[in-house]
Amino acid sequence: MADPVKVQRYTRASRVALPAAAVIVVVAATVPAWGSSNIMKQGVTFLTLLALAQMWNLLAGYAGLISVGQQAFVGIGAYSLWVFAEKFGINPLLCVPIAGVIAALLSVPTAGLAFRLRGGYFAVGTWVIAEVYRLLITQIPWLGGGSGVTMISAGAIERSTREAAIFWLALFVAVGSIVLVYLMLRSRMGLAMTAIRDDETGARGLGVHVTRSKLWVYIIVAFGTGMTGAVIYLNLLRATPEAAFSLQWSALMIFSVVIGGLGTIEGPIVGAIIYFGLQQLLADYGTWYLILIGALAAGVVVFARRGVWGLLARRGVDLFPVRRRLCLETVCFPEDQAKPGPEDPLAQEPPPGERTL
Amino acid sequence: MVWVNDIIQGILLGGLYALFAAGLSLVFGVMKLVNLAHGDFSIMAAYISLVIVGSLGINPFYTLALVMIVMALFGYLIQRGLFNFAMDAGPMQAILATFGVAIIIQNLLLEAFTANSKGLDAGVIENAFIRISDQVVIGWFSLLTIITSVIVLLGLQFFLSRTRTGRAFRATADNQRAAQLMGIDNRHLYGMAMALALAIVAIGGVFIGIRTTFTPSAGPLRLIFAYEAVIIGGLGSLWGTLVGGIILGVAQVLGDHISQGWGILAGHLVFLAILAFRPQGLFAKQVQ
Numbered sequence: 048m049a050d051p052v053k054v055q056r057y058t059r060a061s062r063v064a065l066p067a068a069a070v071i072v073v074v075a076a077t078v079p080a081w082g083s084s085n086i087m088k089q090g091v092t093f094l095t096l097l098a099l100a101q102m103w104n105l106l107a108g109y110a111g112l113i114s115v116g117q118q119a120f121v122g123i124g125a126y127s128l129w130v131f132a133e134k135f136g137i138n139p140l141l142c143v144p145i146a147g148v149i150a151a152l153l154s155v156p157t158a159g160l161a162f163r164l165r166g167g168y169f170a171v172g173t174w175v176i177a178e179v180y181r182l183l184i185t186q187i188p189w190l191g192g193g194s195g196v197t198m199i200s201a202g203a204i205e206r207s208t209r210e211a212a213i214f215w216l217a218l219f220v221a222v223g224s225i226v227l228v229y230l231m232l233r234s235r236m237g238l239a240m241t242a243i244r245d246d247e248t249g250a251r252g253l254g255v256h257v258t259r260s261k262l263w264v265y266i267i268v269a270f271g272t273g274m275t276g277a278v279i280y281l282n283l284l285r286a287t288p289e290a291a292f293s294l295q296w297s298a299l300m301i302f303s304v305v306i307g308g309l310g311t312i313e314g315p316i317v318g319a320i321i322y323f324g325l326q327q328l329l330a331d332y333g334t335w336y337l338i339l340i341g342a343l344a345a346g347v348v349v350f351a352r353r354g355v356w357g358l359l360a361r362r363g364v365d366l367f368p369v370r371r372r373l374c375l376e377t378v379c380f381p382e383d384q385a386k387p388g389p390e391d392p393l394a395q396e397p398p399p400g401e402r403t404l
Numbered sequence: 339m340v341w342v343n344d345i346i347q348g349i350l351l352g353g354l355y356a357l358f359a360a361g362l363s364l365v366f367g368v369m370k371l372v373n374l375a376h377g378d379f380s381i382m383a384a385y386i387s388l389v390i391v392g393s394l395g396i397n398p399f400y401t402l403a404l405v406m407i408v409m410a411l412f413g414y415l416i417q418r419g420l421f422n423f424a425m426d427a428g429p430m431q432a433i434l435a436t437f438g439v440a441i442i443i444q445n446l447l448l449e450a451f452t453a454n455s456k457g458l459d460a461g462v463i464e465n466a467f468i469r470i471s472d473q474v475v476i477g478w479f480s481l482l483t484i485i486t487s488v489i490v491l492l493g494l495q496f497f498l499s500r501t502r503t504g505r506a507f508r509a510t511a512d513n514q515r516a517a518q519l520m521g522i523d524n525r526h527l528y529g530m531a532m533a534l535a536l537a538i539v540a541i542g543g544v545f546i547g548i549r550t551t552f553t554p555s556a557g558p559l560r561l562i563f564a565y566e567a568v569i570i571g572g573l574g575s576l577w578g579t580l581v582g583g584i585i586l587g588v589a590q591v592l593g594d595h596i597s598q599g600w601g602i603l604a605g606h607l608v609f610l611a612i613l614a615f616r617p618q619g620l621f622a623k624q625v626q
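Taken in order, these protein sequences are the chains called A and B.
Under the working numbering, the first residue of the first sequence carries the number 48, and numbering increases by one thereafter.
Under the working numbering, the first residue of the second sequence carries the number 339, and numbering increases by one thereafter.
Same shape as in the complex, but just chain A (with noise of 0.2 Å):
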């Protein structure tokens, strides 16, 4: 006889959105085949979108870390996809996995310095280092200086390969980002990192090695977005320091997350969607899009903190489940009416307050 008792992982909704999210995956693949040119440039604005939004979302609503300053690895990737095709001449699409690890690389020293500060303090850090590197670029002749640099070899490769090729390469940065984020949480890191997420102290107090776990997190989001920045550059082909380190790839990526749900994989998905559905919708009204996501953001946070997918996941759906369930026969716990998740995901103590003044 069976036993009746079963530990499982699926929910009925991830029974469905799991086949479903394969196939808009290779509807998406087909897009270069039929879709038109300017189908495909705002394909890679929302994949890539997407990207940045879920790398953000494992730093912030995973490891706790909210940063100010992730523009440093777009802009790193979109400067070493140039060195690499311009002065290297490396193919330009080879380009986009090596600024990744640049950007991984880089993310080693940045941390050094910025965990030492924590909390908000930690977020202009960031912000600050994120200054430097594009300081540094608009005072280096050879990266461009401050008037910026042209993917020329990018450029030259033929107009229909080199749309589909990008296509290609922002559709599997962002399902890249999902299915990274969901491996992640379902190993034993993201255990840990659950655990971070939900009580730092009392993670530490039960053998989580937190400080390596938030820097392992630190270097994989930095090479997820090097490689996202690369993709966005190689889309629009010219790259200058003020741009590619603006503070608005932040507003963006935080935006998306704060919106869609921080600390699940659905929430910036959901963010991303309505980040870019808003930036559509108004884009003939200047920036009154970014004022309206601002305020909606600044809302959400305070008003509705689980976001928008919290508030559909009170309905009991669970897309990509990352815990483990206990069923007997058909009833299941925890149950899939209710999403319980920890009582209060996001709130940590607050930093051991410095004496002040």
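If you're looking for bench data, these hints aren't it; they were derived computationally from the structure.
Owing to the predicted nature of the structure, the values given are computational and were not obtained by experimental measurement.
The beta carbon of each residue, even a glycine, is placed where N, CA and C say it ideally should be.
Among the hints, a few may not be true.
Beyond 12 Å from chain A on every Cβ pair, some chain B residues (computed) [unchecked claim]:
#1 LEU415
#2 VAL475
#3 PHE479
Have a look at the derived ranges for each label pair, beta carbon to beta carbon [unchecked claim]:
#4 B:ASN513 / A:ALA342: 28 to 36 Å
#5 A:GLY159 / B:THR553: 40 to 48 Å
#6 A:TYR332 / B:LEU415: 24 to 32 Å
#7 A:GLY159 / B:ILE345: 30 to 38 Å
#8 A:TYR332 / B:LEU620: 46 to 54 Å
#9 B:PHE615 / A:PRO144: 31 to 39 Å
#10 B:MET520 / A:ALA342: 53 to 61 Å
#11 B:ILE476 / A:PRO188: 34 to 42 Å
Stretches of chain A that chain B covers, calculated by requiring three or more beta carbons in the stretch to come under 8 Å of a beta carbon on chain B [claimed, not checked]:
#12 160–170
#13 175–181
#14 227–241
#15 266–274
#16 299–306
#17 339–346
Put chain B on the given structure of chain A with help from the hints.
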């Protein structure tokens, strides 16, 4: 003598940074909130002054009182209306809420005043100077800035150490819950702290608006300078922010002197060096 002049100019510039840093430090000290919109609030103050100057045709110095009142009121309202709730939601949420406000202010200013740079014209004082020697020249306006900044810091110190509200600020900074048990209404107190911080930053905003031109996107750099001054000086040290501001100012002027365009970068590098070798800052009080 050129170096002496550079150092003097750097010190004077530091006075300006201290004006920004004091508000940031106050807010963090009282409520442990790092306000990412701090720099944008200073730009907002400069634009408010610009509007008043434009409609009344008066010298920007005379707008100072009104700008301070408007900013203080705004600070109190945004603290009670948004940031207090954000802080209830969690420290992470509080940072993100201030980031949202920063982006909103930048873009609202952009929509209202375009991206063209604006300046506040204070008349003759802008170009008046004292000539000490051929190469050492002190501008009256720079001197006025650092004197103002010292007066503000003295006033802040007096307020914190001698007044009833100041005592409540310190009590809350030390232990928010215990202070609450002693009957301090922390929501109101946080509003007061933000109001005070924005009144101070309003002075800084108007002064820097007179000194240089500004655009709606200039806020983040102000925040960064204020923040660097706070970290260099040491968290929680009021006079440390002045020293931090001065070190930053001197580094920037010297950097620019050595090679054009290296000024801001030199300031950042000094900040990173402090972070690497003395992360608690130069004058940090004992951390609990």
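Starting from the hint list further up, note which numbers the structure goes against and sort them upward. When the structure is compared with the hints, numbers 5, 10, 14 and 15 turn out to be violated.
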